[in-house]
Amino acid sequence: MNRDLNDPIWTAYALGEVTDEKERAELEAIVGASPEIAALVAEIRETADLLARELMTGPEPGLAPAQRAAVQTRAASGKTWFGVRPAWALAAAAAVILFVSFLAQRQLFRPDPGRERMAAVLHQTAESAVPPPAMEEKSLAPAGPSAPQPERAESAPPEADAAAAPGPVPALPSPVQETSVPQPPPSGNERTEGPQNLLLEESLAQLPLASNDVMDLINIMGGVVKAEDPIFSDNTQTFAGVAAGNINIQRDGVTVSEVRHKSGTVSRSRVDPELVGEFKRLLAPVDAEMGRGVVRGPGGGFNTEAYAARTENPFLDALENPLSTFSIDVDTASYSNVRRFLESGRRPPADAVRIEELVNYFDYAYAPPTDGKPFAVHFELAEAPWQPEHRLLRIGLKGREIEAGKRPASNLVFLIDVSGSMAPRNKLPLVKEALGLLVDRMTESDRVAIVVYAGNTRVWLPPTGGDRKERIREAIGELRSGGSTAGASGIRLAYRTAEENFIRGGVNRVILATDGDFNVGVTSHGELTRLIEEKADTGVYLSALGFGMGNYKDSTLELLADRGRGNYAYIDGLGEAKKVLVEQMDATLVAIARDVKIQVEFNPRHVGAYRLIGYENRLMAKEDFNDDAKRAGVIGAGHAVTALYELVPPEAAGKPGVDPLKYRKPAPVSAAAAGDELVTVKIRSKEPEGDRSVLYEYTVKNAPGKFARASGDFKFAAAVAAFGLVLGDSAHRGSADLERALEWAKEGKGADPNGYRGEFIRLVHRAISFGK
Amino acid sequence: MPDASWISPILDEYEGPLVRYASHITRDPERAREVVQDTFLQLCRRGPGPIRDHLGQWLYTVCRNRALDVLRKERRMTGISAARLGARPHPGPEISAALELQERLAGILKILDTLPANQQEVLRLKFQGDLSYQEISRVTGLSVSNVGFLIHAGLKTIRERVRTEPAPGRAK
Chain C
29 MNRDLNDPIW
39 TAYALGEVTD
49 EKERAELEAI
59 VGASPEIAAL
69 VAEIRETADL
79 LARELMTGPE
89 PGLAPAQRAA
99 VQTRAASGKT
109 WFGVRPAWAL
119 AAAAAVILFV
129 SFLAQRQLFR
139 PDPGRERMAA
149 VLHQTAESAV
159 PPPAMEEKSL
169 APAGPSAPQP
179 ERAESAPPEA
189 DAAAAPGPVP
199 ALPSPVQETS
209 VPQPPPSGNE
219 RTEGPQNLLL
229 EESLAQLPLA
239 SNDVMDLINI
249 MGGVVKAEDP
259 IFSDNTQTFA
269 GVAAGNINIQ
279 RDGVTVSEVR
289 HKSGTVSRSR
299 VDPELVGEFK
309 RLLAPVDAEM
319 GRGVVRGPGG
329 GFNTEAYAAR
339 TENPFLDALE
349 NPLSTFSIDV
359 DTASYSNVRR
369 FLESGRRPPA
379 DAVRIEELVN
389 YFDYAYAPPT
399 DGKPFAVHFE
409 LAEAPWQPEH
419 RLLRIGLKGR
429 EIEAGKRPAS
439 NLVFLIDVSG
449 SMAPRNKLPL
459 VKEALGLLVD
469 RMTESDRVAI
479 VVYAGNTRVW
489 LPPTGGDRKE
499 RIREAIGELR
509 SGGSTAGASG
519 IRLAYRTAEE
529 NFIRGGVNRV
539 ILATDGDFNV
549 GVTSHGELTR
559 LIEEKADTGV
569 YLSALGFGMG
579 NYKDSTLELL
589 ADRGRGNYAY
599 IDGLGEAKKV
609 LVEQMDATLV
619 AIARDVKIQV
629 EFNPRHVGAY
639 RLIGYENRLM
649 AKEDFNDDAK
659 RAGVIGAGHA
669 VTALYELVPP
679 EAAGKPGVDP
689 LKYRKPAPVS
699 AAAAGDELVT
709 VKIRSKEPEG
719 DRSVLYEYTV
729 KNAPGKFARA
739 SGDFKFAAAV
749 AAFGLVLGDS
759 AHRGSADLER
769 ALEWAKEGKG
779 ADPNGYRGEF
789 IRLVHRAISF
799 GK
Chain S
4 MPDASWISPI
14 LDEYEGPLVR
24 YASHITRDPE
34 RAREVVQDTF
44 LQLCRRGPGP
54 IRDHLGQWLY
64 TVCRNRALDV
74 LRKERRMTGI
84 SAARLGARPH
94 PGPEISAALE
104 LQERLAGILK
114 ILDTLPANQQ
124 EVLRLKFQGD
134 LSYQEISRVT
144 GLSVSNVGFL
154 IHAGLKTIRE
164 RVRTEPAPGR
174 AK
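Protein chains in written order, with my numbering: chain C, 29 to 800; chain S, 4 to 175.
Rather than coming from a laboratory, the hints here were simulated on the basis of the structure.
Do not rely on the hints blindly, as some may be mistaken.
[Said to hold, decoys possible] A few chain C residues that face chain S, going by a derived Cβ cut-off under 8 Å, partial list only: (1) Thr75; (2) Ala76; (3) Leu78; (4) Gln95; (5) Ala103.
Ideal Cβ positions, reconstructed from N, Cα and C, are used throughout, including at glycine.
Bound-form chain C, shown alone (with noise of 0.2 Å):
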């Protein structure tokens, strides 16, 4: 530790600005042990609350009486606006939560180039007694050419930034300095004035409308040098290349100024290129909430929401790949997703669209199993609607229901993510509502309690009986959203919480609400999805229902939701709360099955090639199917789960695109191939508390029915299935298109109680009616 009495160390830990707690021990012991640095340490603080008292003394200046009046009346009016709340202030106040979170991500754990180039301005700085320049508004011009190109250090190691929180940003340093402008564009563009990336004009026209809040949290970024313009300084500012300009508008019946980007000016400011992605990134969720089009850069442009790549599963032959192995998957969130791109206007991205959660979303008429198994398992075979050679083959599975009133007492904690981010209304007041929903059906048996995370962690109710319904919606109630989002720590009270109130033989489960921007703290996805896992494993499940638009982390809160044998649905609005938490409640909470996988073996006989339609995230070895160890789906009470596989009778399947092997002869096919069996399925599944797998076998005969004369359940999963292929652009297609899948879906439509079928069929119309 440095004993250096010079060192700022001392001043920080004097003015209680060590928060680092086992830094903060440290220097104590130095303390203890040093009297002079004891000496030093108190004579700061004296000096400090000398300052201080100097500084808040003395005659207290205030507004005149008549600019206080001013701001009171302003107050009053401006009800309009977070009482009513249009859209787009919801949208600028999202964009500013999302700067504050970004600054402070910057601030803290942002990989920084600059690093050293700081630390070495420090070090002079520390030398000559002068510090650093902070920002520099004038002698903008651009680097000669004779300037040495400026060369970020890319390399900088992220851990070792993130170990020294709260690393130092850079501080734009004077020009001379600034290596992180970049050079202007070779002699021949006529954009030599402005940074070299400067956005393209079109994309321009695209950009948000940003509010003065947001520029003035631009403006005091690290990275951002304002252009000093003598015509523009006044009513223009700057970002990420981008002139914009005051212009005055009407919004509901009331003038406000707002800052629109004027479309391709050219500006003399300078950005920190590497600032030029976030801004637009940051401002994407302000186009997403003013209904705007997500432009589409090549590299995923303005869209910051993520999801993992997918594969379509591919045709494989029934010879050599005789086994298909895959872990049941009960999550229904990229449904919702889909509905919520469609119902804004816009097309899904193919990888946010995930079949076999499609087709999950919708109860199936398969009857409960009656003979004491967790499930009960139903096939159903006929052409495939889009390719009438193949066969289309339906199995489902319906876990055992419990009867009213028996659920089993439920130990639940809520961890809400309470973060900046969850600010807008689709988001943490939406997460309100909904546990308003699930706390009606508490009773006394069932414990409540929330665990909110942003900066911090705390427990904000602590385990509560379902039946004081007050104190809990209270609680609720009194949720705000700031900060900025720590997931990691969150999860870990989460999970201490519940642990101490451990059901035995009841539901014990964490439900993560967030829209899963994990933006700041121990975020390594291994040690988080381990710590997930190792949860599951004693009993506490985790669940996650994903809200909000804009940076909604699909790819997160499924992984999280997988590894914690707990299921993840997206929460798009009220209604989706309503049948997630209310209607199906008990397949929420309750689990009767656990590491359930399907093993399916196809008779070569009867199918020449076969294809799995999606969990293409869910497949697993053949090995793996009676390895006990490893891990697979959930299945809840009650709850249906549908997989569907397209088959290629032998005679259709086209000549295999390999010669015949040369040293093998084709496998033999056992006499069993020989009877019409056309597949046998496999099931492995678990107690929720056991450890053995039990298997369970059914076969299923070659006798495939006309679509046409198929149920109305078939028809309906069929359509689904078939709007998850056009709509993931399937090379697997056949004939599939939009008007197929609404023809089928109404056909199939049947009774519908609950009006999801009818949803369904609206939504496709809708993306009829914008274009495929």
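We have chain C already, so just place chain S on it with the hints.
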């Protein structure tokens, strides 16, 4: 009639410190009041909701930018501005000697006034605005460690001068 009561406690808490802070930038109390009024008006326009948890930081940020804008518009570059925050050199020994004479009369605030402008600013934000290093970093765009250095250096200078030239009635 909508309710304006939410703004009153905020005004009570921040109007004085903000005017003082803005005055230090604009060197003109009247303009500082305008800047602060403008800052509060903007708060009214946006509503307090989403920034409730870092209201102080937000107010100082907006106030600072407005104050610097005023300076720029008026071309009254006699005070400090973002450009000058870091550029102003330490007073030379001669000036210091003259100022030390004044210190005896006016005390610690006079010492503060002799410090480089950027040290003054972070010290004011720290001890007048009661902001943390982190918050000051966000308001000013300086790095946290830079803020730490400036506060350290500023306090050190003040400490040394108070020690060598104790102002009457001020020494503890």
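Do the hints match the structure? See the list:
| no. | hint | in the structure |
| --- | --- | --- |
| 1 | Thr75 | holds (5 Å) |
| 2 | Ala76 | holds (6 Å) |
| 3 | Leu78 | holds (6 Å) |
| 4 | Gln95 | holds (4 Å) |
| 5 | Ala103 | holds (4 Å) |
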